[in-house]
Amino acid sequence: MSLTGLAIIYIIIWWIIFFAILPIDVERNKVIKIEGEDPGSPENPKMLKKFVYCTGITSVLFIIIYLLMKFEYLNLRNIIT
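The letter at position 81 of the sequence shown is residue 81 when you use the numbering used here, and the numbering goes up by one with no holes.
Derived by calculation from the structure, the hints in this document are not laboratory data. Hints are supplied without guarantee of correctness; some may be wrong.
What the hints assert, rightly or not - Calculated pairs, SDA-like style, for lysine to any residue (alpha carbon to alpha carbon, straight line, at most 25 Å):
no.	residue 1	residue 2
1	Lys-49	Ile-9
2	Lys-46	Ser-59
3	Lys-50	Ile-9
4	Lys-46	Val-60
5	Lys-33	Pro-23
6	Lys-49	Ile-24
7	Lys-70	Thr-58
8	Lys-49	Pro-23
9	Lys-50	Pro-23
10	Lys-46	Ala-20
11	Lys-49	Trp-15
12	Lys-49	Ile-21
Generate the whole structure from the sequences, applying the supplied hints.
See the structure below:
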């Protein structure tokens, strides 16, 4: 598989994992209500922590998928056709 194809697979996996991790560990206790602000918005969404976790999980999954494709246990060309 080409480098572009591998990059696309990594990015797709990364976004799926990111959206799965996004609602985890969110505190929504609003003490002060500000006019025009959504009351469900988190105080501290901890985005850097979520980016790091997402990248780590995605890297592990991508390595597993890459090895499965390399040793032809998972052949995407046969699945499509």
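Cross-check of the supplied hints:
no., hint, verdict
1, Lys-49 with Ile-9, "holds (23 Å)"
2, Lys-46 with Ser-59, "holds (20 Å)"
3, Lys-50 with Ile-9, "holds (20 Å)"
4, Lys-46 with Val-60, "holds (22 Å)"
5, Lys-33 with Pro-23, "holds (21 Å)"
6, Lys-49 with Ile-24, "holds (11 Å)"
7, Lys-70 with Thr-58, "holds (18 Å)"
8, Lys-49 with Pro-23, "holds (13 Å)"
9, Lys-50 with Pro-23, "holds (10 Å)"
10, Lys-46 with Ala-20, "holds (14 Å)"
11, Lys-49 with Trp-15, "holds (15 Å)"
12, Lys-49 with Ile-21, "holds (10 Å)"
The earlier numbered hints are all upheld by this structure, with none contradicted.
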